[in-house]
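Chemist: In case you want the letters, here they are:
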Amino acid sequence: MLEIKNLHVKVDKQEILKGVDLKVNAGEVHSIMGPNGSGKSTLAQVLAGRETYEVTAGEVIYEGKNLLEMAPEERACEGVFMAFQYPVEIPGVNNIYFLKAALNAIRRHHGLDELDAMDFLPLVKEKMKLLGIDDQLQNRAVNEGFSGGEKKRNEIFQMAVLEPRLAILDETDSGLDIDALKIVANGVNALRSPQRALILVTHYQRLLNYVVPDHVHVLVDGRILRSGGKELALELEEKGYTGLEAETQATTSART
Amino acid sequence: MIAGAQAQDSYLESFAQFENGAARNGQGWLSPIRRAAITRFSELGFPTTHDEDWRFTNVAPIAQTPFRLAQDSRTELAPPELEQFRFSGLACSRFVFVNGRYAPRLSSPQPLPDDVKVNSLAHALTAERDSLEQHLARYADYQHDAFSALNTAFMEDGAFVGIPPGTVLQEPIYVLYVSTASAVPTVVHARNLILVGEDSQATVVEEYVSLSASVHFSNVVTELVANENSVLTHYLIERESMQAFNVSTLRIQQGRSSNVTSHSVLLGGALVRNNVHPVLAGEGCDCLINGLFMATGQQHMDNYMKVEHASRHCNSRQFYNGILDGKSRGVLHGRIIVHKDAQKTDAKQTNKNLLLSDEAQIDTKPQLEIYADDVKCTHGATIGQIDEDAIFYLRSRGIAEASARDLLLSAFASENFQRMKAEPIRSYLEALVKQWLSRGKLLEKAR
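Protein chains in written order, with this note's numbering: chain A, 1 to 256; chain B, 1 to 447.
Bear in mind the hints are in silico, worked out from the structure with no lab data behind them. Keep in mind the model is a prediction, meaning the values are calculated, not measured. Just so you know, not all the hints are guaranteed correct.
[Said to hold, decoys possible] So these bits of chain A aren't anywhere near chain B, every CB distance computed over 12 Å:
hint, residue
1, N6
2, R50
3, A101
4, L137
5, Q158
6, I178
7, Y210
[To be verified] So the derived label-pair ranges between C-beta atoms look like this:
hint, chain 1, residue 1, chain 2, residue 2, range
8, A, H110, B, E76, 26 to 36 Å
9, B, D115, A, S147, 32 to 42 Å
10, B, T49, A, N139, 40 to 50 Å
11, B, Q170, A, K129, 54 to 64 Å
12, B, K434, A, G148, 53 to 63 Å
13, A, G145, B, P80, 14 to 24 Å
14, B, Q143, A, G145, 23 to 33 Å
15, B, K376, A, E63, 53 to 63 Å
16, A, R223, B, Q367, 54 to 64 Å
Note that the Cβ used here is the ideal one computed from N, Cα and C, for glycine as well.
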């Protein structure tokens, strides 16, 4: 579904990603872990189409197409979704109205009829029930005055309604209490299917207690240091990034 | 300057002719006021940017244009041409003025409660002389304001609304000013007088439109008297052509416990100056001034607020949002004056501006003059660009960039619309804003 090859990315002339390779198949859940400043969020933003990041080398192929040539809205219409680490507040734009506009933009892209409020509201109710969230937030302006946890829940709610094929969660688990964390995990698990793929960008191992990933990658200083199965997350928790880094360097030098 | 002085002389000459005509029409009682006003105008001349109240607005394009008083062309218009000027879902009375003259054939008055008077001012000047003499030209300051002086000298017609005490008008009164094509630049000195009795409630809408791209100047004065415990909502909608000039003064006199709301939506006109001047004369008044101005191209829109707290325990709120694109220029001058005896005044002023292009410009100037010692006065102004993070957020959910921009601009404008209670008028204005946005998009494509 997604293939990232030798991706190099600069922000303000500073190289953040220094050659990332990653292959994600439909049905898989990948977790990308790494310390602060390792380039995790940069990777997520580049996949979503943020224009402030400059791709200097490499390519990203999504469903056989060059993802980097697509506008952010085109990516979204083709099924790419990023849950923001810091969701933006948009005063004056009603949450439900916004979500309906987004869903209808995607439906139009696929040649489907737009949903009217009569069809849309039951869908919203169903998704809220699925995630166990109340509906008070939905009649407010997008993220305006939401707490950190409410914003993250709103991202998951949007994901549940838009049903992307490839979802990238950028530290959606950071700073959440256990109840909110469970909602996020529910959302992710509900979306898991053989047709979909998820990339969980995270700083902590905690989310992985609720969502078991198929693959774990450790990103350090703009490169993937190690990839493995779910046990890599446990190893990482035990040894820490520095321990893992030292060990990897030792193995690499021993080999050479 | 010379051209300005010549234009000034031409006003004096046309006044001499005008006065003979007006006197013949049986409005002799107005003569002393007209003469005082034209004398004052000849002394004042047009303001310049050296004048503090006009620092950011150069009226030379008005001063140097030889305007002729607009001709009567009421018979040239057919009702279908005005079909678009309606609030759907409202069965309100519409009073149409063509080039400043009341056009009964194009108007559609609805049955109103007993003793409510809605008339053309031209008619009222003779028929309602008693109530007019008490109020007309008693509030708008022609001693210090050249445009009010000109209007007072030349006023002939406009809307007269008289609401007796204890009367609630359910439907708004809609006053539509239409200017038509003309070979030479024309001026209309529209004059409106709105008197709201004790415990009464009403809504009045003034809208200014052009049916051609002729050069035209609307010099408007509206005097609004809100008596004790009355509730009045006033709308000003400016959507004249890009060749039109509009200087409009709304002078509000508020009695005890009265509640007045002024909504302004400025979309049209080459050079627009919108003066809103409430005097909170009685205790416990509430005054809300809510304005939205959207300019593009070479448009210049100047909003001049002068909120005078003259009595105790009054609240005033000013909310103005501006969106400026192209090479347009906006001005927001928000003056609050708290007189010595106006203790417990609570006055607040907020101005937010969005600049959509590098060449658009806004000057925003709060000015507080406080002579009482127990008051709460706050002001705040912001100038910013459209939030690119919000654009990206919307795009990342599948919404195209142009729609995302429109959505954010509509949301910005909706802050003003939310303060408007009359849903049909709000929808009408929201549709105008949508049109404005799509016009901008067309221009972008053409580039």
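Chemist: So, for every hint listed, does it hold in this structure?
Modeler: Results of checking the hints against the structure:
1. N6: holds, 25 Å
2. R50: violated, 6 Å
3. A101: Not fine: 6 Å to the nearest Cβ puts A101 (chain A) too close to chain B.
4. L137: Holds, because the least Cβ-Cβ distance between L137 (chain A) and chain B comes to about 16 Å, which exceeds 12 Å.
5. Q158: Violated: least Cβ distance 7 Å, not greater than 12 Å.
6. I178: holds, 27 Å
7. Y210: holds, 25 Å
8. A:H110 to B:E76: 26 to 36 Å: The hint (26 to 36 Å, Cβ to Cβ) is violated, given that H110 (chain A) and E76 (chain B) are roughly 53 Å apart.
9. B:D115 to A:S147: 32 to 42 Å: violated, 56 Å
10. B:T49 to A:N139: 40 to 50 Å: holds, 48 Å
11. B:Q170 to A:K129: 54 to 64 Å: With a Cβ separation near 43 Å, Q170 (chain B) and K129 (chain A) fall outside 54 to 64 Å, so the hint is violated.
12. B:K434 to A:G148: 53 to 63 Å: violated, 35 Å
13. A:G145 to B:P80: 14 to 24 Å: Since the Cβ atoms of G145 (chain A) and P80 (chain B) sit about 48 Å apart, the hinted range of 14 to 24 Å is violated.
14. B:Q143 to A:G145: 23 to 33 Å: violated, 49 Å
15. B:K376 to A:E63: 53 to 63 Å: Holds: the Cβ-Cβ distance is about 60 Å, inside 53 to 63 Å.
16. A:R223 to B:Q367: 54 to 64 Å: holds, 59 Å
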